[in-house]
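*Asks:* Please construct the entire structure, taking both the sequences and the accompanying hints into account.
2 protein chains.
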Amino acid sequence: MVQQRLLDIAIEQFGQHGLDGVSTREIAAAADTAMSSITYHYGGKEGLYLAAADEVAKQMGGLDTIATFDRVIAGGDPAAARGAIAAIMRNFLERLQQPQSNAWALFIMREQLNPTEAFERIYAGPMGQTARVLVELICVATGGDDRAAARLAAISLFGQVLVMKAARATCRKMLERETLTQDVIDDYAARVVANIDAILDRMIAERQEQS
Amino acid sequence: MVQQRLLDIAIEQFGQHGLDGVSTREIAAAADTAMSSITYHYGGKEGLYLAAADEVAKQMGGLDTIATFDRVIAGGDPAAARGAIAAIMRNFLERLQQPQSNAWALFIMREQLNPTEAFERIYAGPMGQTARVLVELICVATGGDDRAAARLAAISLFGQVLVMKAARATCRKMLERETLTQDVIDDYAARVVANIDAILDRMIAERQEQS
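Chain order of the listed sequences is A and B. Per this note's numbering, the first sequence runs over residues 1 to 211. Per this note's numbering, the second sequence runs over residues 1 to 211.
Hint data in this document are derived by calculation from the structure and do not stem from the laboratory. It cannot be assumed that every hint is accurate.
Since the list gives no way to pick out one identical chain from another, each pair is judged satisfied if it fits inside one copy or across any two copies.
Claimed, not checked - Think about it this way: if two alpha-carbon atoms lie no more than 16 angstroms apart in a straight line, the pair counts; the simulated EDC-like pairs of lysine to aspartate or glutamate are:
1. Lys58 / Glu46
2. Lys58 / Glu120
3. Lys45 / Asp8
4. Lys173 / Glu120
5. Lys58 / Asp186
6. Lys45 / Glu26
*Replies:* Next comes the structure, spelled out in structure tokens:
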């Protein structure tokens, strides 16, 4: 209980202020525990920061479904791969709308701009696994094996979902909405899924032109 | 000179630590000036924060080219509109690669997640202007006037560029690159431009199905 509270507060505080902008004294006080418990469980501030990164990776979740996608990749059916890509993107979009993602969003964005050892640990979790799966699914969906092309495409798909969190205030302004209600998210998800289809079709056409 | 130094340091410090995480004392010391000069020029911390937001809007730039895009919109030529959309996206991608964007990136992302009055001022600048132009250009390029559909599409295009900054470390990992060199950016820009083409074509097909 104390450890979970410490981690949640650490994610929020480190996210808001960075590793150097917050003291273990402040985190211990906010978690209503003694500073010695941070030393005992995590060895100190750096250890707590890395544990917070592991917790972020855990809360991002998704690892449990990787096996399902690996089966789709092994199956080699382009239509199934296309459906799996859409499912990953929809799921990621839904996940980013959940209130608990606010806690780790700033932590991750800070690491994205100035990555530390913590980013390696986050990427080693669901984030990197999903990236790998997405690239392979794009290869299956387009019937190609150009990993470099698939990676660029994967980033362009990833961005279409990420924007709803990383530029949330801009999205709200553009959509003239105070809050991003489920109907807006559904409309946007439909746009993204149609885009994925259009982009994959274009990639197939590009490959046929080259051969 | 002192004012520019103060603003640059304010953007960086407020970006790193937030409004509440940094004192005017620290900013004045880092800018090698007296605290009284912050009071004199900006009235205090909140005033300096808003001035920093205005400076971020200014550094994002692009306002000078809005008139050019407005002429393309007025012209009503779908091919010209398509070219203009690609030009905006390429330009934005290049801009986000410039080292100076590191200073304001965290400032803006923090505001995106927890917007304050400062976000209104940033959006009132080039950001909001570009968003408006992009939506109108999509209408011209697809020959439609469904603003709601164009707004969703504009967000999905915007995200494809934003990802290279907001998830830069993830992109580097996915592309297996230590740094995002110009050749990688060029390859990615080509992918995004092809995607824009494919998405606009799909939107035209969607419109024809509906009518």
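*Asks:* So, against the hints stated earlier in the document, which numbers end up violated here?
*Replies:* 1, 5
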